[in-house]
Amino acid sequence: MTWFHVRWGGVLLAGLAIVFLGMRHYQRELRAISPLQLREEAPSGTIRVRGLVLPGTLFPGPGPNEARFELEGDGSKISVHYKGGDPENLRELKTLVVIGRWDPGSKLFEAREIGVVPNFGFVTAAYLAGIVPVGLFLFWMEHRVAFLYREIRDQKVYEPGGDEG
Amino acid sequence: MIKQMRRYEGWFGVAAGLCIVSGLYFGLVGSPADYYQGEVVRIMYVHVPLAYTAMLAYGALFSCSLWYLWKRDLIVDNMCQAAAGIGAFFTAVALITGSIWAKPTWNTWWAWDARLVSFAILLLILIGYLMLRTFTEEKERAARYAAVLAIVGGIDLPIIKFSVEWWRTLHQPLSISTRGLSIAKPMGIPLVFMIVGFSFLFFYMLAVRTQMLYLTHLLEAKKGRLLGEVHL
Amino acid sequence: MSFFNVIRWITWKDLISEFRNRENFSSMLFFALIVVLIFSFSFSMDQTSGREQIPGIIWVAFTFTGMIGLGKSFAAELHNDCLDSLQFSPAQKGAVFIGKFLANLLFLLFVELLLFPMFVLLFNLEVLEKLPTILVIFLGGSVGLSAVGTLFSAMTVQIRAREVMLPILLLPLAVPLIIGGVEATAGVLRGDPFLLYAHWIRLLFAFDVIFLVVSFWAFEWILDT
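Protein chains in written order, with this note's numbering: chain A, 5 to 169; chain B, 83 to 314; chain C, 14 to 238.
Pulled out of the complex, with its shape left as it was, chain A reads as follows (with noise of 0.2 Å):
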């Protein structure tokens, strides 16, 4: 019974590790931030910054796969110069998020990669709706058998080289 408790114990915190991870990663590298809060903010380094292409502002830019266009989101807009992959999801009055440095000089993002608008709360609720309804069930089973065998041992019920299992 207690390496029951254990291993369910075990399995139980290796969750909460994962869940731990999953958030912090989220944090540091998944989320986007609005154009208004990219202004405010104005962090350095690699940042993800979701919006709206906003129409009539969309232009190719000089090179083979760049552009030029203005994010719009929270009622904040910026310029961006994207220069970087085919980027045959860039279209008007589309949602996206566009992954670069921010320049608060020249108040230009510079974007090296787009990305279509991810939808984590899908991902966490099929995930959990598929891992955790399957662990419980485990858990349940697991229980019941340990339950079982205990109650067999206590009523001398099983007799151990007589009745083969």
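Just so you know, not all the hints are guaranteed correct.
A short, non-exhaustive set of chain B residues, derived as facing chain A with CB atoms under 8 Å [what the hints assert, rightly or not]: (1) 121; (2) 125; (3) 129; (4) 130; (5) 149; (6) 153; (7) 175; (8) 182; (9) 287; (10) 290; (11) 294; (12) 298; (13) 299; (14) 300; (15) 301.
In case anyone wonders, no lab produced these hints; they're calculated from the structure.
The beta-carbon is built from N, C-alpha and C at its ideal position, and this holds for glycine as well.
Given the coordinates of chain A, assemble chains B and C onto it according to the supplied hints.
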């Protein structure tokens, strides 16, 4: 056989845990988001293994049913019942995760896609199987009837899949493409890990559930005898 | 008793007993008409979208009617321990199955042939020149339904909740028959060239052959003592 299950099940459990945790790592952190679907494609790492395992469960049910009709071993019958219960559970969860995946991808909770419909029918067959076992009075007869149902169902499932596929190619709206993602190499590795991990998990759960059913029947039978009556 | 005699005897017994009191037959017919009427209210029959549902309505009526007939097929054996007599008789179980199957099939076909003119009238279908094809489609669907239905009728007659368990077990398994029947009938009624819906008819007959064999084999396990 029960003793062997008890001895070796732990290995399956550990293998399952390792594969699933690495699969989750590679899937969630180590692989890129899909170009068209974005982050939502990561649901594939939990939905597809569940679906595969559900089909594995039915395969186990089918083989064990044949085995039971051949050998009439009651432990094999317990395995059948265990596989059916686990299969129904995994099928239902696969359908739910599939639905959660469908909403952001196709903007609908349910689509009359061939695979989804076939899966729903699989769930109905498994639930029918479990109901049949519940409603049949004698244990031996229940085992026999259930085995026949599992075998007939198993032969029917490929036919059902074909007929639903043909039906959907007739009526499918052009916008929804179910194979909308090409599995790039970095996505294939976590997927394989998760599928293998879930398969190990299935065998582990099968061992646990078979023991649960066997011990329950053993306890019931012995209790009956101890009290002076004979239940069967 | 030889194999074929057993078959002949059992089929004849079922048909005669039904002919004598006609209770199954009238309930099946009446039920089918009610189903058709209710479906007609659900869809507007004047517009094309309503007319597209007609093959579906026809096959739903056939399927549900078939359920009733199949359910009663073995339920009738419960009285006077007839079922036990069948189980303990020295007759080969396979022959019992084929006898029951043929009786159910003839019965179902008879009801379908009575219902079909009614459908033609109600829905204003033009089918005279396509009649042979339609009959082939009905036969294909009915054989499969009767084969699996006879097997499961024997199974469910001895368990609790028998009336509801037969549809629950049978309908998911009969999905290829329903899809095939509906699509083939739709093709015929639309006036499509035969090649366009021929594969559905092939599906029906493949299902029939496979499940006639499987049910024949499995029946032995159902009536096992």
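- Which earlier hints can't be squared with this structure? Going through the list in order, the structure violates hints 4, 5, 6 and 13 and respects the others.
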